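Visitor: Construct the complete structure from the given sequences, taking the supplied hints into account.
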Amino acid sequence: MTETEEVPVKALTGRRAELKHAYTLYKQNPVVVAGSIIAVGSVVLALLSNVIVNPNIWQVEQLGLRLCWNNPAFSWPVTNVFDCPGATYPLGTDSWGRDLLQMIILALPLDMEISLTIVVSATLIGVALGSFAAYVGGKVDEAILRVTDIFFALPALVLAIVVMTILGRTIMNLTIAVLIPWWPIYVRLIRSQVLSEKERPYVEALRSTGASPIRILFLHILPNTIYPVIVQMTLDIGNVILTFSALMFLGFSPNPLLPELGNLVTEGISYVFTAPWLIVFPGLTILIVVLGFNLLGDGVRDVLDPRLRR
Amino acid sequence: MFLLIFVLFAISLIVFYMARGALPPEYSLAPYITPRMTDVQKLQLAQSLGVAAASCPSYQAFSSHDPQCVAPLWGQYVVWLGLVAQGNWGYSQLPGLAGTARTWDVFTGRFPFTAQLAIGASIVTFVIAFPMGIISATQNNKLPDHASRIAALVGYSLPIYWFGYMLQIVFVLYLAVGGKGLFQGSGALATECAICFSSPGSINTFTGMPILDSVLSGNLPYFWDSFLSTVLPIIALSLATLSSLTRIVRSSMMEALRQDYVLLARSKGLRERVVVYRHALRNAMLPAITVSGVIFSTLLGGVVLTETVFAYPGIGQAIVSASLVVDINFLELYVLVIASILVITNLCVDMIYAVLDPRIRY
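Protein chains in written order, with the numbering used here: chain A, 1 to 310; chain B, 1001 to 1362.
Hints in this document: simulated from the structure, not taken from any laboratory.
Worth double-checking, as some hints may not be accurate.
Claimed, not checked - Just so you have them, the derived chain A footprint on chain B, three or more residues with Cβ under 8 Å:
hint	region
1	1007 to 1017
2	1162 to 1171
3	1316 to 1330
4	1334 to 1343
Bear in mind the structure is a predicted one, so any value in this text is a computation, not a measurement.
Using N, Cα and C, we set each Cβ at its ideal position, and we do this for glycine too.
Guide: Printed below as a string of structure tokens:
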């Protein structure tokens, strides 16, 4: 009809505008979108794995089906490839006769769960200690820095191996062993952020109104310094999977039958030139999952970069 | 310097307490026992090492974890420090050695191989990453940039051990280089492979590193064989560090090229090459040098995986065997050496950084 009174248009402001802008930036970057699809896809697959695949199948050995390959789409330049009787196994079978594709799907939730546990715990410990050290300053800050220096003097894998040697071989000990070298990174990260944020005028204003240090730290400083931590967390999910599966590969797993990506590669060591699919496909899965999280982390960093914000 | 001493003491204390506190007392004694000792001799040795209390009645009481028979941990630590200061790290418990070789000898025998891998991988990393990062930054958002970014991301996400096996599969199965025995030691010490292709005679040992020693001894077939045996492990090892260094060089070069002085240099009419290499690169190198300490740390961690995959006789392989049999002394020695290497590297990096950046003066 005819235009009547002016309809006031509600402009997007503040947080909603930032998120919309961030989403626009995100959509413009195809590589990041691919990475987030991979990452989200692997999480969804991990959550649904017990529905897709029978979760008890990794304990069943079918020796008649060992090391066979009957996927017609690809053939290996290996002599004496045993053809599987019965059903088609798209990725072949392993040395206990279990379907490799099902093993890989079963391995995803374990890897994801442990990786998330480690990353979240490392972040909590690191952020707590780091922000405390930065805010309090002085001797406490020095002491915590020296402690992180000790942990930075050894590569993560070496420290994890040392811890695993002394503790037994269980999943809980593996989680602790990878957590121990990981938390100091977050301490340093949050410490440098909080140190620079602490000098801002608004912190002084808050202090002068009588806000308690804990309130200032958690309600005001931390939300402004959290972005690098989020980026690091996303990247670390992939890196922890790499370290953790490397530990399993080296032989620290509690059960050689356990469906875990590094463990599946260990099975294939004796058959490198006779059944190469045992190593190729689990490793390829690790590569794809870690690549997805690394791409996602890069994208998050690009999107949340303060210099690109309006 | 004080940092080095503090870190070494702290690490040795932590590892010592964890190891000897969590494990049964026989493990502490095992590296010092020769195979034919009687129980009386073992008890005397345990008491002289400070592992067993002086009042311990018998070796059976000691090994049954009688709490009055085992000396307190701080006392054991002091005695252990004394032994280590004299160079006595006990006998190696690694499989295949059966306590015949001293831990120190095993370590120093294997260390040059790992050094060879690490030095080779560092050279490859720096030689390839800098040009790639510079090309990526100067051709920003064009095809070489995208290609190298994706390659760097893939290299950064690879599991090293998988890549090592993939290299072996490609070379042996698809390119038909060498037979099945190539690169495949069974993991036991005796069949590890530093010369995998032929038996080219012998060399004199100068540094312990086969590549250098063979050149110094004039035995060129040996050099060629050891070079070929080292190439694939170096490629596998350096891919991850190569990728992260490329990304850092790229981002710091892009940062440097955005600066005002680059605009001035271009407007003065300087050639692009001079602008990039003489002006921008010098300032872009600083973050890359800072991160080289971290890269070296990643290399030393990756060495463990690479040596296991290629059955390469270095200390990375040995630490995996040592953790299976819980050889505490080897563990301590390895940890202390790696820690001192990394702390010294970081100190050198800081000093180089202070020299290169005139804004920093201690």
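Visitor: Where does the structure disagree with the numbered hints, that is, which hint numbers, in rising order?
Guide: none
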